[in-house]
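Place chain X on chain C using the hints.
Just so you know, the protein sequences line up as chains C and X, in that order.
Numbering-wise (my numbering), the first sequence opens with residue 12 and increments by one.
Numbering-wise (my numbering), the second sequence opens with residue 1490 and increments by one.
Hints listed in this document are in silico derivations from the structure and should not be mistaken for laboratory results.
Be careful, since some hints might not be right.
Coverage of chain C stretches by chain X, computed from C-beta distances (three or more under 8 Å per stretch; other residues unrestricted) [stated by the list, open to error]:
| id | stretch |
| --- | --- |
| 1 | 58-65 |
| 2 | 80-90 |
Using C-beta positions, here's what the derived DEER-type ranges look like [stated by the list, open to error]:
| id | chain 1 | residue 1 | chain 2 | residue 2 | range |
| --- | --- | --- | --- | --- | --- |
| 3 | X | Asp-1521 | C | Arg-67 | 27 to 35 Å |
| 4 | C | Thr-116 | X | Glu-1546 | 44 to 52 Å |
| 5 | C | Pro-91 | X | Pro-1508 | 17 to 25 Å |
| 6 | X | Thr-1520 | C | Glu-69 | 38 to 46 Å |
| 7 | C | Gly-118 | X | Arg-1553 | 52 to 60 Å |
| 8 | C | Val-101 | X | Lys-1598 | 29 to 37 Å |
| 9 | C | Arg-67 | X | Glu-1530 | 46 to 54 Å |
| 10 | C | Glu-75 | X | Arg-1553 | 19 to 27 Å |
| 11 | X | Gln-1574 | C | Lys-120 | 52 to 60 Å |
Only pairs whose alpha carbons sit at most 30 Å apart, straight line, appear in this in silico BS3-like list of lysine-lysine [said to hold, decoys possible]:
| id | chain 1 | residue 1 | chain 2 | residue 2 |
| --- | --- | --- | --- | --- |
| 12 | X | Lys-1598 | C | Lys-59 |
| 13 | C | Lys-106 | C | Lys-59 |
| 14 | C | Lys-120 | X | Lys-1540 |
These figures come from a predicted structure and were not determined experimentally.
Positions of the beta carbon are idealized from the N, C-alpha and C atoms, including for glycine.
Below, each chain spelled out in residue letters.
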Amino acid sequence: MNAVIAQAAVVVRRTIAASAEDLFDAFLDPEALATWMRPGTIRSTIAKVEPRVGGRYEITMQGESGPLPHTGTYRVIDRPRRLVFTWHSVATGQKETLVTVDFVTAGAKTEVVVTHEMLPEAARPAHANGWNSGLQHLEEAFSKE
Amino acid sequence: MGEYLSTRLDGVFNALCDPTRRAILARLTATDARVTDIAAEFPISLNSISKHIRMLERAGLVRRSIAGRDHVLSLNAAPLSEAAQWIEHYRRFWEDRLASLEKYVTSRKRKTR
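So that you can see chain C by itself, here it is in the shape it has in the complex:
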């Protein structure tokens, strides 16, 4: 199972001269998201956030050819260490993918590690209230080295 994750995951790291708390909060604050979740061709971004486990977010990037909504659900909110949310957009083929952000303190700096992966079959909720067991499966998947 780990191989699925290794094969299908994008891992991006960046060490930033800021506290883990400040960086963590920038992921959940609508005003902050509107500022930094704005790729080059995007004119503006509007973010709506329900910052609780099971809460939803909606980040709509206003592109040249129309709005690009990104939606998902928070699965883990462990300030300031880890944030896990699903990620769904046109670019994911309208399928749920999973983003895990780890904040690793290194002196006065923090390493932000983003892991974006296609949801392994076992981590997909089978029904509406299935995200709990989905997460459990995911944990099992991670523990099977």
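Chain X in isolation, oriented as in the chain C frame:
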């Protein structure tokens, strides 16, 4: 990326998640091979080799041509490049976003000081 592509990518990633299937693909990058050749090279039963090959075929990574009694397998790398594109798209996306996050957080810190 459409629904079709995304479903196909799922198949590719699922196909790649097994070491035997990756080894079969690696073998086929060298030359085409008969199913029986592959089976002889791997220390598992013909039955389970066949299952792995069928998964690779479903993912579009392996093509089978039948010549008489021989089933010859060849590699089709195109779906792999689609998977690589997905990964490349999000790698660039998150690299740019984290650069932007750095700018946002560090400029805000200067203002509040």
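We went through each hint and held it up to the structure:
Counting residues of the stretch 58-65 of chain C whose beta carbon lies closer than 8 Å to any beta carbon of chain X gives 0, which falls short of the minimum of three for the stated coverage. Interface restraint, the stretch 80-90 of chain C with chain X: violated (0 residues with C-beta to C-beta distance below 8 Å; minimum three). Our hint of 27 to 35 Å for X:Asp-1521 and C:Arg-67 is violated, since their Cβ atoms are close to 49 Å apart. Checked against the given bound of 44 to 52 Å, the beta carbons of C:Thr-116 and X:Glu-1546, roughly 48 Å apart, stay inside it.
For the pair C:Pro-91 and X:Pro-1508, the supplied restraint of 17 to 25 Å is violated, since their beta-carbon distance comes to about 37 Å. As the Cβ distance of X:Thr-1520 to C:Glu-69 is approximately 51 Å, the hint placing it in 38 to 46 Å is violated. Between C:Gly-118 and X:Arg-1553 the CB atoms are about 56 Å apart, so this pair conforms to the stated range of 52 to 60 Å. Against the hinted window of 29 to 37 Å, the Cβ-Cβ separation of C:Val-101 and X:Lys-1598 comes to about 34 Å, which satisfies the hint.
Distance hint check for C:Arg-67 and X:Glu-1530: the Cβ-Cβ separation is about 50 Å, which falls inside the suggested range of 46 to 54 Å. Taken as a hint, the range 19 to 27 Å is violated for the pair C:Glu-75 and X:Arg-1553, whose Cβ atoms sit roughly 44 Å apart. Checked against the given bound of 52 to 60 Å, the beta carbons of X:Gln-1574 and C:Lys-120, roughly 32 Å apart, lie outside it. As the CA atoms of X:Lys-1598 and C:Lys-59 are separated by approximately 24 Å, the hinted pair is consistent with the 30 Å bound.
Taking the CA atoms of C:Lys-106 and C:Lys-59, the gap is near 20 Å; set against the 30 Å cutoff, the hint holds. Restraint check for C:Lys-120 and X:Lys-1540: the C-alpha separation of about 49 Å exceeds 30 Å, so the hint is violated.
Consistency note: the structure conflicts with the earlier hints numbered 1, 2, 3, 5, 6, 10, 11 and 14.
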